[in-house]
Each structure stands twice: as C-alpha cells, then as structure tokens.
Amino acid sequence: MINTPPPAIELRGISKRFGTVQANKNISLSVKPGTIHGIVGENGAGKSTLMNIIFGLHQPDEGQILIDGNQVSIKSSADAISLGIGMVHQHFMLVPKFSVLENVMLGNEGGPLLSQGRDGVLAELKRLADTYGMHVDPNALVENLPVGTRQRVEIIKAMRGGAQILILDEPTGVLTPQETIGLFDILRELRDSGVTIIIITHKLGEIMDVTDAVTIIRNGTCVGERVTNETDTGELAELMVGRKVLLRVDRGEASPGEIRLAVRDLGCFREDGSKVLDAVSFDVQAGEILGVAGVAGNGQSELLEILSGMRRQDEGTIDLMGECLSIDHANSPRTMRETQLGHIPEDRHHHGLVLDFEARENLIFGFHQDARFGEGQFLAPGAIHAHGRSLIEQFDVRPDNPELPASKFSGGNQQKLVIAREMEEEPRILLVGQPTRGVDIGAIEFIHKQLIELRDRGCAILIVSVELEEIMGLSDRIMVMNDGRVVGTIARSEANERKLGLMMAGLSQDEAA
Amino acid sequence: MSKLSAPPLPVWADVILLPILNLLAALFVCGLIIAALGENPFEALIVMINGAFFYSGSLGFTLYYTTNFIFTGLAVAIAFHAMLFNIGGEGQAYLGGLGAGLVALALGGVVPALIVIPLAIMASALFGAAWAFIPGYLQAKRGSHIVITTIMFNFIAASLMVWLLAGPLIQPGQQSPQTPKFDVSTHLPTATDFLNSFGMSVANSPLNFSFIIAIACLILFWVIVWKTKFGYELRAVGHNSEAAHYAGINVPRTIIIAMLISGAFAGLMATNEILGVQHKVILNFTSGFGFTGIAVALMGRNHPVGIFLASLLFGALFQGGAELDFEFKSITREMILVIQGMIILFSGALAYMFNPYVARLIYRVTQAKKAKHG
Amino acid sequence: MAEFLYQLLLTFDATIRVATPLILCAMAGMFSERSGIIDISLEGKLLMGAFVAAAVAAITGSPWLGVICAVFACVIFALIHGFACITHRGNQVVSGLALNILASGLTVTIGIALFRQGGQTPVLGKEARFRPIEWPLLETLDTVPVIGVIYRELISGHNTLTYLALIIVPICAFVYYKTRFGLRLRAVGDVPKAVDSAGVSVSWMRYRAVIIAGVLCGIAGAYLSTGQGAGFVREMSAGKGYIALAAVIFGKWKPYTAFAACLLFGFLDAASARLQGVEIPLIGEAPSQLMLALPYIIVVVVLAGFIGKASPPTAIGEPYIK
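Residue numbers (the working numbering), protein chains in the order written: chain A, 8 to 520; chain B, 151 to 524; chain C, 37 to 358.
With the rest of the complex left out, here is chain A (with noise of 0.2 Å):
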C-alpha cells in the first residue's frame, strides 16, 4: 500500500448562514499538498465565504476543518496563522502610510520592541526576494507603490511566519495581464517549494493557466470537482452557472445616425499628478452601442465620472449634441441630466440608489426637482407613487412593492430599480457602468435585452464593463483602455478575446493582430 500524505487542508460539510442567507451549504474538498487548487465561481456563489471561514474571520455554523489530517478549530485570524495558512485579500489589507517593512512586520513584530525583529525581518524579506524573485523596497512607503508591487507584498506578509497553505482572493482583479503573469511565475515558485496554494477568482481562464486541480462552487454548495488538465472552460462555464451560457446577445444590427457625443483630448489628473485619463478621443453615435474594455482601475471609472458631470476634467472637451463642454465650462450632473443624459453607474450601492429610500423614492432620485413630482418646492407623494408602481411593473421589479426600502431588494432587482429610472426618461444618451454586476443569470438577460432595444430606439450607448464576454456581446464598436489612454477602437466583428486581451496590455491593434 502506497502512503498517500493527508491532503493539506480539507473542509467537510461546512455550512454558513447570514440571516435568511445560506452563503455555504455542506461544502466538502480537499487539497493535495504542493498543489494549487482553484475555487471558481460566480459573484456571490460562497466563495469569499468559504475562504473566510478558513481564515478564521467567520465561524462555520457546521462542519469541520482539517489541517494535514488533523481536525482544527479556527476561531480567529491569529489561529490561523499559527496553523500555518496565509491569506491575500482581495482588497488589501496593508496600511498605506506604512513602509513595507512596517506592513510586514504589522503582526510579526518578533517581541514587544520593534527593533527586536527588525533584522530579522529584513533577513526574511531578502530570502523571499532571492527565492521567488519576489523583490521591493522595505523603505518604501505602501501608497506609493503600484498595485502590482502592494499585491507582492500582501503575498509577502502571508508568507511570512512560514505560510504552508496560501490562500488568494480574486487575486487578479486588479492587475494587468502582464502583472497577472508575474504573479502566476511567482505562484508556481511558491507550490514548487511545496507550498499549498487556494486561488479563488470568477476567471476561468486563469484556472486554466495556473491551476492542477479546481472545485466550483454555485449557490453556496459544491457542484463539482476536476483536475484541471481534463476539463475546459466550457464544462466549468457550465457548472458555475447551471446550465448552457448563452455568449451571444440576440440581436439585430446597428444602424448609427449622427454624433450624439463627441470626448477630444480628455486629461484628468490624480493628486500626485499623474494621469489617470491621457487624451482620451472618441464619438458615440444615435443608435449604437460603444463599449470600454479594460482591466479594472484604467481610467474607464473616472471617464464615466467626468461624461456624468460628477467629476471635472482636467483637459480637453467632451460635444455634447452640439454643446461644447471644456474646462472653464464645466458640467455638473444636473446639468448633464438636463440634457438628456442618462447615467447607470458602476456601482449602484454607492451612487445609483439610496438604499434606506423607498423604491419609489429611488425611482425619482435624479428627477425629484421634476415638476411631475411635485409644484416647486413641494413633493406629491401621489404622482410619485404612481411613477414608480408603473416602472417597478414595466421593469418587472421583484417585489413589486414600491414602499420598500431599496436595500431590500436582491442585486438584481436593484439593478433594475437603477436601470428603469435611467431608460424611463428616454436618454438622448444613456452611460452604462458594469450593467451586470452581481446580477444573476435571469436578470442579466433582461438587461441587456433593455439595453439593445434602447439602442434600438435610437439611443447613444457608452458601456463600460470588466466582463470582455458582456462588452462582446453587447457593442457595435469596442474601445480598449490601458492605463487611462485609448489603445484602440475595433468594430465588434473583428474582436475576440485574444486581441482584446492584447490590447487591454497595452499593445496597439496592430501589434495584437
């Protein structure tokens, strides 16, 4: 009989509830040591969860974890990391006023004085620089280093204390593919050395690069598990979402009519004065959809925040149905709506809704200062509940209770409270930030149905969008961003991933062809 060493971590029906939520229900898997072991699935499947609840952050309402074999109880972040296991958060979690050293030794300090663990930790950080080429400057200070770098050493800080079991959240949202490369090098370094590594991300494509072994994870439980060398994208597509994805949008073709708005030269700089948006050019016309593509955090965010009047650029004009907008004649989002110019932001929690506003509240937010809502200063409650019990059944919003607080409202119905209000109006022009972020499946569809048949009517469409398969199937032309500038605009037959992909890099059309 062949020894097989225990697998290096392993859950056994680990349920958790949050409220009415079942965020994980009986998820079992194992992972052999030195591998790395990938966890996809779609947002809000579980899969943040899970990996909090082996680091300790939340505590499992059932189940059991074993390190190596043995059963553990993890009730803090502290026990585990005593049990060896390190854990790169999706969002940092570094202190940017800090130094590098500063941030790694945070935790680690090595006795009640600093300058006790200090060698020490410098020793460590030259080891792991020589080891897995995992190099940056312990003096410099967090929030002047690019993400990529902030990411090393987050993976630096969970490696430290001597990490055996790596656990990474969504760690490629954020990078650029050639950042995404560095970090899969170092990765494979790590599981060499025979470190245990748990990726988590909604890419498969990355699953498929880097991984030897994947689960996937929908609705909170465990659908499946693969080595990754005998599977493809298509058989986890299809597990993640339950059923055949429809890729393609159904739809007719464009027929454009003039220049509805016309952005030359736009700049917009940040506070150390670099540049966030670099002579940004292009048109959108009546009746088509243009959509952005890029890696999250390339500018396209604050393009949308400057078209909306909700930033101000620092450069060049933005034609707007004739009217000349630049610097000294600035917009406001007011203004902008005045015009016809309808906005469904990225992010609806922070912009598009008030969650403790009534949906029928939500659904005059923009418009409120309307005389159809009211005679001057004065709201009509009437008029006001009459609009939004329309749109919650135009847009079949589910509740369709008007009263209720938007924060009671699934991601998805949310959108669509955001969504109906934006095309109720008729935009002349409609910006659309990530149209289906966290969206299911059944509402995705009936977005983006709304949305061709808004271009339909004769709509301008800007789409902006962190999901190239959303950006293929809806646009007529494609934009790919990098680094606040254009890379290039290509008609949507001539797209596809690859070149995409390319280009969001940073190679130019032709260079990606």
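Simulated from the structure, these hints should not be mistaken for laboratory data.
What you are looking at is a predicted structure, and each value in this text was computed from that prediction instead of being measured.
A virtual CB, placed ideally from N, CA and C, is assigned to each residue, including glycine.
It is possible that some hints are incorrect.
[To be verified] Only some residues are given here: those of chain C computed to face chain B with a beta carbon under 8 Å:
#: 1; residue: Leu-46
#: 2; residue: Leu-133
#: 3; residue: Gly-141
#: 4; residue: Thr-145
#: 5; residue: Val-336
Please build the complex by placing chains B and C on the supplied structure of chain A, with the hints as guidance.
Same frame as chain A, but now just chains B and C:
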C-alpha cells in the same frame, strides 16, 4: 455581518419598545446610584413626578423647559438627517440670545411691540444660523470635522459673550456681566398673563409665547424634512452623499443649508430664555440646554413627535429634578445631569445593546405562534 | 528689560503648571484617537479624576491614594466608553458626551452626599497634596547669573505630577514609534482590517488604548485637585479636556507635536492671566478673552486646512465590523 445574524426587528419594537427599554435601563442605573447615596429611588421618582406635573405651577415650568428642548432637539435632528453632528447648539443658542438682545436693546420702546418682537425673534434665528454657518461651510467645502468645529465654536461663543457682556454691552454702572433690562414692549406674553386675562387664575410660571413658536417649528420641521424637495435632498445627502452627488444634488450647498436651519432652531431657544423670561442677556443662559438637545434628538429618533415627547420628558426631568433639593438631604438637582448622562448613554451610545436580544425573543415568540396555528 | 525677562520667565513657569494637565490629557487623547476611538470624554474623565483624587485625599489624607483611585475611576469611565464604542459599536461622540455630562452630575452629586459643601471637597491640607519639590543646590546656583534664576523658577519647584507628565511624553513617543504596541496602535486606527488579518484583535487593541487614556486622564485630574489646586471645585476641568483634544489635533495626533501644542496653549492661558487688565502699547488693553479663545480658533483654522493639513487616523470614528 453580526447585524445580519439577528433576525430583523419589527417596526413597532424598533420605534417604541427599544427606546422604552433603553430609558428604563438608564433610570434603573440612576436608581442604583440614588440607593447607593442612601436615599430611596422610588421616593425620588415620586417627588420628581409630583414636582414636574402636580405641584402648583409646576406644569408651566415643565413646559417652559420643554420649549427649550424642542428648539435644541430640532436643531440637532435636522442636522442628523443630513448626517451632520451639530454639537454646537449651545453656542448657536448663545449667539441667538445676542441677536435677540441687540434688537430688543436697540428698538425696544422705539417701535411697537408688534414690530420689535418679530424682529427680535428673527434676529435670534439669524444669529444662531450665522454661528452655525462657519462650521457648516468648513464641513461642506473643506471637509473639516463638524463635531470638532462646533465644539470649538461653543467655546469661542462663550469667550465672545464674556467679552461683550463684561465690556461693550454691560449695563453702565454695573459690575455683573449682563446687559441692561429690555423695554417692557419686547417681553413675550406669558401663559400666566394670557390665562389670567380670561379670568382663569393660575400660578406664576415662565411659560410663554415661545412654546407656540416651538410647536410651529415642530410642524415646520416635519414639512421640511418629509414634504419638500429640499428635505428629500437633505435625507439623500444624509444617507448617501456620493449618491446624492450622482443625482445632481449640490451636496455642499445642502450641508450648509441644513446647518443654517439647525443653527436657526438653536438660536430660537433664546426667544424663550431671553425674550420670554430673562428680559436681558446674561452669562451662560443656555446652561447646557444645547447639549440636552442631543439627548432629545437621539431619544426622539429625529422625528417631531418623538422630539416633542422626549422634550416633555426632559422638561419634566429638569423641573422635577429641582424638587430633589427640597425633599432630600443627599441628592440634589445635579442628579438631573446624572440621569441625563445615563439617558444619552443608553439611548444614544448603547442604543442597540438590547436589539439582538429583543429581536431573538420576538422571533421566537412569533415562530412559536406560527407553529401553533399550523 | 531684565524685569521683562523675569516676568517672561515667570510666565514660562506658569505655562508648565497650566500645561501639565493638558499634556497628560493630550497623550491620553492621542492613544485613544490613534486607535480609532474619538475621545471627547477627556473632559469628563479629567473632571472625574480631579474629584476622586481630592475626595480620597480628603478622606485618607494620602495624595498617592488619591491618584490611584482617580486612575481607577477614569479607567472605569474609559471602559464604559469602550463598551459602548468598541463592543456595541455605538456612536463615539454620543458616548463621550454622555460621559462628560455624567461626570458633571456625578462629581457634584457624590460630593454633596459625602461632604455637604455644595459639591466641593474640603480644602486639602499640605500633607494631602502634592507639594512643590525643591531641587538641590538652589542656594549654590543662585549665585550663577541667568542659570540660577532659571533653575530656581523654571526647573525647580514643581510637584511630582508635573515632572511625571514631562517624563511621560518621551515614554509615549517611545511606545508610539518604537514598540510592537505602537505599530499596531498606528495601524488599528488607520486600517483596522490590516490588524485583524494579521491575527491581532482590533477590539483588544482599542480597549488597551482607551484604558491607557483613562490612566493618563486620572493622573491629570489628580494634578488639578491635589497638585495645582487644594481640593475639588465644581466644573474645575473648565474645558481643559477639550483644549487637550485641540492640542491633539493641532499636533497631528503625534506625541511631540501634541506636547508642543500643549505648551503653546498653556502659554496663552498663563500669559492671558498675567496680562489681565494690563495696557499694552499699540494694542490697548490685553485681549485676554481672545487669548483664551485662541486655542479653539487655531483648531478651527487647522481643521479648515489653512495651516498645514490635518490628517486624522483614517478609520477614526468608525466602529470595526468584520
């Protein structure tokens, strides 16, 4: 996340049961303190209730205090709706007194009462608003923490008033820092005069016309916050200022206007104290009523009905508490401060302490009922 | 000119006396606020400490027992603050306000119950107070010009608690910059998640910070009633807690700068007391009210961003939710 792990609380429990539980917890701790000082807490409670409502003239005193708390409570509440914590009610009321006083001193006896009184009332609101403007402006335009700036403005107001009352505004030939008495035409009509003129004989009390203004302000508050577009914008800014910006609401402007209204409410408190009772501007006439407004707004959940009830409670507390001096050896009216502190602690800082327990209890009871009914 | 310098020296001497409670409270405020907990209850704790120290000293005759009990009382206040703000995630300003009002009420209520002197404690005798310490060699150094008089007036002749306050500043700075606790403290007020994910309890860090604040406020209170004064009088903290808070902000939540701010504010206070009613050439009567209000005005100006930039701990005022 742990907020989610408790079942949701029904509205009636959140609005009525929890505030009462918090109040009882505060009173219970105060009772323990009174017992520890060697007195019977129940006797103290009875003395306070009698002193607040049943002794001759006491109701008038209670409502007179209530008037102050309605004004300062509304001041805190309107700012709360915009998610601003205005701790500066004390200083704004102080300045309101200056405004009312300046008008009364300048025009009292010169123009008829029907002109000077409205002007003085407006001046109190205006001066209060002006004192709130700077912290509001700094919060809106420069992001200065309004809690700290309003605290500082209380102290600056105190210094300014000492200087004015001991210097430029002092009654000539007097040593104590206060203005001369106002002309009688500036005095607000009192409830006693009013009822006496109908042939009813009531005991003297400081209750005056300001009470009517306070009630009018309660209604005005309700209209502004829930019936106007400005109120809609105010609440939007309070709940989510980024979303408000997205919706085209001018957030800094809304913040500044909210603070102006807040300061005006606080300033109006001076009508009660200065125009209604003192008839001159004196040092420290605000005596902490501005801070009590915070307790009132917290207990009243920033709603006019709640603010009225909480003001009545604190009015009764202040009037009834004064009786403690006469009836007990070991406890005095300073007990009011202890009770007030406890109420702020339990209904403010610890407001949700009982929440999960109550929620679980109600959940269990309703589940049991459901099970019974099949 | 010599007379002027001598007066200035005396003002500096008074500055140290006035600044002592400010320094202790400012260090207290720094720890609390650095951990992410707004502490406007410095004022209430100072008042409570002053009362308890005087009351215990009056009853037992021992100032040291007074300090210990004052520290104990202030730590209880700090724990209430922590219980409300850390454990129950209550509003930190509301909690602080409640404690301030509670302190105003409790000190007088208990004072009357104990001593029946209208809320004051009896005047403390010499042995129940912290007396000025005469440094050695005073006579000898008196003969040395300049140094002698500085030594006598400025350096010698303060009480134990003042010297303690002056020693506490470098200790606080050492803890703040050079220790594990300090590193975690600076992190927990900025990015509490970073501390949590490093396996350190955010709540426990914050509790420790508010407890330290309680200890320091207790000492400051004891100084007011048993060092600087000779007994407790109503409201004797008189806004000093808030001035200390102002010093924390002016000092950008750092030990030495906060200390410097305390000295500045103390100097304004001491100078305004000396200049009361004095005619100054060109200005006229000394604007003592303005000088007293200056610390508050300075803080508003600092917060408005007109002098430098106030950069409070990022997560201050926000309860930590995982």
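Hints, one by one, checked against the model:
1. About 24 Å separates the beta-carbon of Leu-46/C from the nearest beta-carbon of chain B, more than 8 Å, and the hint is not met.
2. A hinted interface residue such as Leu-133/C counts as satisfied when its beta carbon comes closer than 8 Å to some beta carbon of chain B; here the least separation is about 6 Å, so the hint holds.
3. Taken as an interface hint, Gly-141/C checks out: its beta carbon lies about 3 Å from the nearest beta carbon of chain B, inside 8 Å.
4. Interface restraint check for Thr-145/C: the shortest CB-CB distance to chain B comes to about 5 Å, inside 8 Å, so the restraint holds.
5. Because the closest C-beta pair between Val-336/C and chain B is about 5 Å apart, less than 8 Å, the hint holds.
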